[in-house]
Amino acid sequence: MSRIGSSHKPRNFKRNLEAYAYLAPAGIILLVFWCAPAVFSVFVSFTNWHGGDALADVKWVGLENYRMAFRDQRFFKTLWNTVNYVIWSVPLTLILSLSVALLLTLKIRGMALFRTAFFLPYVTTWVAVSILWSYIFQQNFGLANCFLEFLDKHLHLGVGPLKWLNEPRGVIEMAATWMGQRLGLLSGDQIVDFKHPLLEGPSLAMFSIIITSVWRDTGYFMLIFIAGLNEIDPTYYEAAEIDGAGPWTRFRHITLPLLSPVTFFLLVVAMIGAFKVYVPMMIMTPGGGPSGTTSTLVYFLYEEGFMSWRLGYASAIAYVLFVIILAMTLLQNKVIGGKVHYE
Amino acid sequence: MSICTLTLLVVLFLDLLCWVWVAARGIRRRSWKALGHTAAYHGLGAATIMMVLPFYWMVATSLKDFESANRPVPTWLPLGTKYFAPPPPAKPEEVSTPRPGAISAAANRSAGPRGSAAQGPTAAREIEVGLIRAGNLTWSEIRRKDSVVVAPVKRLQDQSAYYTAKGSDIRRERRPQWRNYVEAWNAPAKGNPENPVTFTRYFWVSGVTSLLTTLGTLITSILAAYAFAKMRFRGRNLLFYLVLATMMVPGQVLLIPNFLILSALPDYSFGLRWLDNYPALVVPWLASVFGIFMLRQFFRGIPDELWDAAQIDGAGRFRYLWQVMLPLSKPAVITLALFAFLGEWNSLLWPLIVTTSPDMRTLMVGLQTFNEEMSGNSHLLMAAATIAVLPVVLLFFALQRFFVAGLSRTGFK
Chain A
80 MSRIGSSHKP
90 RNFKRNLEAY
100 AYLAPAGIIL
110 LVFWCAPAVF
120 SVFVSFTNWH
130 GGDALADVKW
140 VGLENYRMAF
150 RDQRFFKTLW
160 NTVNYVIWSV
170 PLTLILSLSV
180 ALLLTLKIRG
190 MALFRTAFFL
200 PYVTTWVAVS
210 ILWSYIFQQN
220 FGLANCFLEF
230 LDKHLHLGVG
240 PLKWLNEPRG
250 VIEMAATWMG
260 QRLGLLSGDQ
270 IVDFKHPLLE
280 GPSLAMFSII
290 ITSVWRDTGY
300 FMLIFIAGLN
310 EIDPTYYEAA
320 EIDGAGPWTR
330 FRHITLPLLS
340 PVTFFLLVVA
350 MIGAFKVYVP
360 MMIMTPGGGP
370 SGTTSTLVYF
380 LYEEGFMSWR
390 LGYASAIAYV
400 LFVIILAMTL
410 LQNKVIGGKV
420 HYE
Chain B
185 MSICTLTLLV
195 VLFLDLLCWV
205 WVAARGIRRR
215 SWKALGHTAA
225 YHGLGAATIM
235 MVLPFYWMVA
245 TSLKDFESAN
255 RPVPTWLPLG
265 TKYFAPPPPA
275 KPEEVSTPRP
285 GAISAAANRS
295 AGPRGSAAQG
305 PTAAREIEVG
315 LIRAGNLTWS
325 EIRRKDSVVV
335 APVKRLQDQS
345 AYYTAKGSDI
355 RRERRPQWRN
365 YVEAWNAPAK
375 GNPENPVTFT
385 RYFWVSGVTS
395 LLTTLGTLIT
405 SILAAYAFAK
415 MRFRGRNLLF
425 YLVLATMMVP
435 GQVLLIPNFL
445 ILSALPDYSF
455 GLRWLDNYPA
465 LVVPWLASVF
475 GIFMLRQFFR
485 GIPDELWDAA
495 QIDGAGRFRY
505 LWQVMLPLSK
515 PAVITLALFA
525 FLGEWNSLLW
535 PLIVTTSPDM
545 RTLMVGLQTF
555 NEEMSGNSHL
565 LMAAATIAVL
575 PVVLLFFALQ
585 RFFVAGLSRT
595 GFK
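Those protein sequence lines, which keep their order, are chains A and B. One point on numbering: in my numbering, the residue at position 153 of the first sequence is 232, and numbering is uninterrupted. One point on numbering: in my numbering, the residue at position 281 of the second sequence is 465, and numbering is uninterrupted.
One chain only, chain A, in its complex shape:
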């Protein structure tokens, strides 16, 4: 017995070594450029590290950077902008992509063509997409205003040309103003002013970016929804049809519950992705947009870190972002995860 045991050990050791050799290339990169920086970043966020400083000048300031962030009006503004972006773009994208996916799972001809058309925006790069849409939203000769003009001419909706990417007013406020004027509650140049950021909604500039992101991301979510819909066993539908269930009942009581794991996964992915958004803001509304209403957390981080070179402060912001994303993932797992229907 003991002989077998002793002969076992060196082989174990050799086997371990072989496995570690396989892991080494990825492991070294992950260790040096992912794990170590993640820890180092905590350290940086506790210092007053400034761009070109010599290492000797770097001082330990403790929680000062975090304290500064929670006193910084701009930080809260960017946080609120980001939250606005998330709570508008994510549901819009999910609802739109689910409706398209439902239409595309009807057995109809030419489905591949439609699917490609919807997915195409997602493969194009954010930079090019942003340049394209900032031309569309151009306020003097853009396509968006041309479209509004056309609608106004034929349907008399009273929605004049808008300033789109240069408009700091909130969309809910603007919609309320428009409704008020249509119903005759407001005279010509009176506008609704809620005077509170919670009620204003995202600025029209931000909303333009939300439209852009919905346009770009719908295809991706649609594809995963289609994959999820194809997984659902068709016998459920057949049984429901025999029982006389209409399309809405079938959707409500079969599709929606059975699709909930996919929806939940997409919700988490979309929210995490939306919290990290910065490219369209950087290109479509450089410098934070009208009255700073389109500056997001990552953009703020970039500005603070690599334009003002306050690396310590920027690291603190990065960590706040990390904590928010982590908390959201855990919260969603706890709150919605319990209600998700797994087969």
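Possibly wrong hints are sitting among the right ones.
Unchecked claim - Mimicking SDA-like on lysine to any residue, the simulated pairs with C-alpha atoms at most 25 Å apart in a straight line are: (1) K232/A to L196/B; (2) K355/A to V162/A; (3) K355/A to K217/B; (4) K217/B to L192/A; (5) K232/A to G229/B; (6) K93/A to Q507/B; (7) K414/B to K242/A; (8) K232/A to H226/B; (9) K232/A to A231/B; (10) K156/A to K274/A; (11) K242/A to G227/B; (12) K217/B to V206/B; (13) K514/B to A191/A; (14) K186/A to L198/B; (15) K232/A to V194/B; (16) K355/A to T540/B; (17) K186/A to P380/B.
Stated by the list, open to error - Residues from chain B that keep clear of chain A, each with C-beta distances beyond 12 Å, as calculated: (18) I187; (19) L263; (20) R358; (21) P360; (22) E367; (23) W369; (24) N379; (25) W388; (26) G435; (27) L490; (28) A493; (29) G498; (30) S513; (31) S559; (32) L574.
If you are wondering where the hints come from, they were derived from the structure by calculation, not from laboratory data. Just so you know, even glycine gets a beta-carbon here, dropped at the ideal spot from N, CA and C.
Based on these hints, arrange chain B on the given structure of chain A.
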């Protein structure tokens, strides 16, 4: 009635006929499925138009010239502005370079009687340029000016006006302006003559970094995923959880420390210049947590009997991986390659941070700076955007199958 309206009416009429036919057939057969499908087609068709229209607009604008790209009333066709054959200018001194902002003076001149036709074209040019440059005008103001000022301009143009573009003698015509692409491609070089980079350089840098990253990611991920999936060793679960935990850390947290680490490296450490060079763009992205995770899932699905058989045939682990596992997991490997390539190709923030010289701009950084430098030249911007989008779209069409498979795979498991 314009030709566009007419086409639209004809299409709508044919569509109505289609509805009536489908409905009639549905009534006869007592089945409403076809009617539902027709409605679905309409919804999908409308949505598809909304999806594709921006692309059409991008390509169409890239083939216009400055004037037709910046018209208050958009033109749908990808054509330059119409100018007719030239009568020689009456007074040569009138053909001067336009002064932006000289709207009122120019407007006064051309709004005058028809006798001003000889000096009209220059004035027309001035008005248009002036209007466009006056970016602070609101839409309705431009519209008002359009009726007052631009209308006589159009009439002047129709009276066989003569047009010179900014004093040069290039005559624009009503046809697609393919030269926009050449102009956009070479435009970045104009800004700094001592270091003339063009889109050729951007593509080169992006191509090299993306290919190297893809290759490196494939190698590291395949090896690590194989170890996690098929080998038993001490600390396997612990290490795997560590890798999964790494996936939770958003890349934005790593920007600053990675930048600090790279800038702290002295020049030519490990024999390489790091910042503002390829290593900084490539090396941090040589491993992919997502890749390890995905390939591990795929490898676990391959039965262990194959390994036993390979061992009997005398194959070692590496040979087994290379000759048996990899061919079997081709779809997963190609998907990972695709994602690694696109991730690097599309990344903006990291290249923006670690590169400073125009020489080392990736395509995305190049496009971003081009957008800043060329703002206002929408036709050139759209040409550049088309250039940047085209390779990825071609790649997508070539590998569409793997895109779809890969996305579904990220969705489950």
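- prompt: Are there hints from earlier that the structure breaks, and if so, what are their numbers?
  reply: 3, 7, 11, 17, 26, 31 and 32
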